Amino acid sequence: MPGGEEARAPGGDGGSTGDAHHGLSAHEVVLLLESDADRGLSGEEAARRLELFGPNVLPVTVGGGLLRRVVRQFHHPLIYVLLVAGAITSALGEYVDSAVIFGVVLVNAVVGFVQESKAEAALEGLRAMVRTTATVVRAGRRREVPSSELVPGDLVLVEAGEKVPADVRLLRETELRVDESALTGESVPVPKDEVVLDARTPVADRRNILHSGTLVTAGQGAGIAVATGAETELGAIHRLVGAAQTLATPLTAKLAAFSKILTVVILALAAVTFAMGVVRGQGAVQTFTAAVALAVGAIPEGLPAAVTITLAIGVGRMARRQAVIRRMPAVEALGSTTVICSDKTGTLTENQMTVRTVWTPGGTFDVTGSGYDPDGVLHDAGGAVVTAEADRALWWCLLAGAACNDAALVRRDGRWDLLGDPTEGAMRVVAGKGGLNVADVVERCPRVEAIPFSSERQYMATLHRDTATGSHLVLAKGATERILALCAGQMTSDGSIRPLDSATVLTAAEHLAAGGLRVLATAALPSADPDMLIEQHLPGTLVLTGLQAMLDPPRPAATAAVSACHTAGITVKMITGDHAVTASAIAGRIGLLTAPSPREGDVLTGADLAALPDRDYPDAVDRARVFARVSPEQKLRLVQALQERGQVVAMTGDGVNDAPALRQANIGVAMGRGGTEVAKDAADMVLTDDDFATIEAAVEEGRGVFDNLTKFIVWTLPTNMGEGLVILVAILLGATLPILPTQILWINMTTAVALGLMLAFEPKEAGIMTRPPRDPARPLLTGALAVRILLVSALLVAGSWWLFTWERDTGATLAEARTAAVNLFVTVEAFYLFSCRSLNRSAWHLGLLSNRWIIGGLLAQTAGQLALTYLPAMNHLFHTAPISGPAWLRILALAALASLVVAIDKRLRHHLM
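Our numbering applies: residue 45 is where the sequence shown begins, and numbers increase by one.
None of these hints come from the bench; they were simulated from the model. Treat the numbers as computed from the prediction; the structure is a model and nothing was measured. Everything hinted at is true.
Quick list of simulated restraints, FRET-style, between CB atoms:
(1) T732 / G98: 36 to 46 Å
(2) R822 / A842: 25 to 35 Å
(3) T732 / S515: 49 to 59 Å
Calculated lysine to any residue pairs in the SDA-like style (CA-CA distance at most 25 Å, straight line):
(4) K207 / D223
(5) K207 / V454
(6) K808 / H889
(7) K808 / N884
(8) K207 / G464
(9) K617 / V368
(10) K808 / I357
(11) K304 / D819
(12) K304 / Q687
(13) K617 / G690
(14) K207 / T261
(15) K617 / Q691
(16) K808 / D733
(17) K617 / A685
Glycine residues also receive a C-beta, built at the ideal position from the N, C-alpha and C atoms.
Full structure from sequences and hints, please.
This is how it looks when you write it as structure tokens:
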């Protein structure tokens, strides 16, 4: 079929230029696709093309099944060692030890399975965007067909309220406007027409193409389907989402590397232990049991559960701060973030157009308030509050904006929502702020006739009848140049009409637009003929009443949040589909651009990025602060370029166009109120209030989570290392084991739950948001922390051996000596826990009761140790025995000494830093 392959290609016409359908005339597109502009395809031809091109659906990607998800939970080096140790222990007849080991593995697997995220649902969310039916003309007859049966060449009809079922080249339209914000990031509905465009026109500016999945907000149109299914722009994003990698967070990556190193070290120590025992002539089974005990003792069994629970606690804290976590490792990733790439509309801004300035021939008025909330007033140049009644030009300007208007404002759930165009909503709100009762005016002067807005006309005009007097009036609003062409005069503050001063009006409009404001002019004819609203008769008949300048204002907390991010060493970049001037204006207001005017390279457009050589791309991206008019592919490449430079990237977004970059980012952040389901499913975190300030709060919580996880690791490793070294020393010396494998498991599991996990509740330390982000290349444990771990391990080994030997030399039984050694390990861990509450500061500075969970954990662990020591059943199960009071005094003295040594080490290192 001629043009058949071309019918598939232009759907991904982000880079197509030669045969791109937006660059061809409507007649050429009809010929290319062998269709008919009036009758469409025949039923037989549509069926043939459906078989050739396939259904109009996005392809299904097969994901991992239930079994694969279960098996994935055991894919961890430390888990492998535990499984082998459990099997060997069982084969040696140590069924209690074996059961405990397998129980630990099973608990970790269940927790991991339950907490696994649903991020792979992003593709399903994309498929759901395609509506279920489409209106087409086939063989000259209008009919409804399943959207999946749409084919290239179909004549498609659309009208207000419908989703576009495929990529469609317009043939004809009537006042057609489409909301493309989910696809392109454009903040207001886009007018559409059938005009031929340059083949290099970017997606966001293709006025003659209706894109699959976008929403028709006004008017109606007809066009030829040029791409279906995977070949649409929506399909191109689907491919990007599928290709984007889900990256490991800094902590998970570090834990994976740490676990591999730890596994190798543990296995090497176990092998050395076994070899040394055999060389010394000890029994192979006894030596092998000791080697297994060393491996089990050295593995931090509580670490996976501790990571999961600490992250879960962080999830709860973030939820209270309006951030819902979908993937738990994202909690920690936020704490390591070095760059936040934020969408503009709805995240840094209110996503509610607001009139900021009203200009009339008699003066300029500043408007207070924000968004669609009617609270606010108008101030004149002297700062005095002004109402419309005091200035006739202002009254008519506000009336024209509010009555020549199709929008409506409704109050829902305590907030004002807009039904209609955001620009018209802003003009309704400012009329109320100026003292105009819009509802009363509309009731008194109902609309009789209207000339609707169109992209060619660039204005809207309405005819109204005053029911009180029977007279008629004309109101108009639109682009400044087009409204000026309709006017012969301008209104002064007292209502008199003067000759039109176009130059002054244009200068005022240009001054307002330079500040990033969108400017609309208003005009009126207070006394009009009932039949004068004819487009050809309007030029030169109206009176200019003023200009209204508006923007989507920054959120109140955005400036402070951006400043806090900068203080914390986090770079904030704006990535938007909006225009560069608008984006720069908002960036300047919230502190992203600090200079009075942007410096070269601070602001880059999609066209600028496309023109950059590959060698210059990373540096330019790193230097820029604002990216405007960017495509989905460019958003994805921006994130990748930053990651290649070692940055940990958080990306915010709410539209379909953001989904690939959200998934590629280290932490994807979607909007809960205004975001699409596709964006939410691709993200790691959803903001329930759509506020950038919540991201800053989440970063703070993430840093606290990372700190607490590090504290747990620094606290737990000395015990595991000490246990392993005690076993190794016993084998090397040919001596009796001071602690047994079951006792090691008791120490590891009870202390991890009762003591270590209490660190997950540790409050955030002061100044957490004044320090720079963690270097992504920095190891999980710094040299200073590694030395501290070795120091505590050495203290545990020396102390336990001394105490075990002392007890044996003073007549204690083997069980009593081992019980003393076990209690020493636990008591040192309890003392060391207070030191680990802060890795740099003294525990006394934190306050004893600032984490009450630790007190509860200590009481629980004390009860457990007393039961282990004095209950006969526990004595039998764990081979322990009651110990004397003097033995407890020796244990407490050794633990206090170890705590003192650690405190001295911490203080010396703090003074040396």
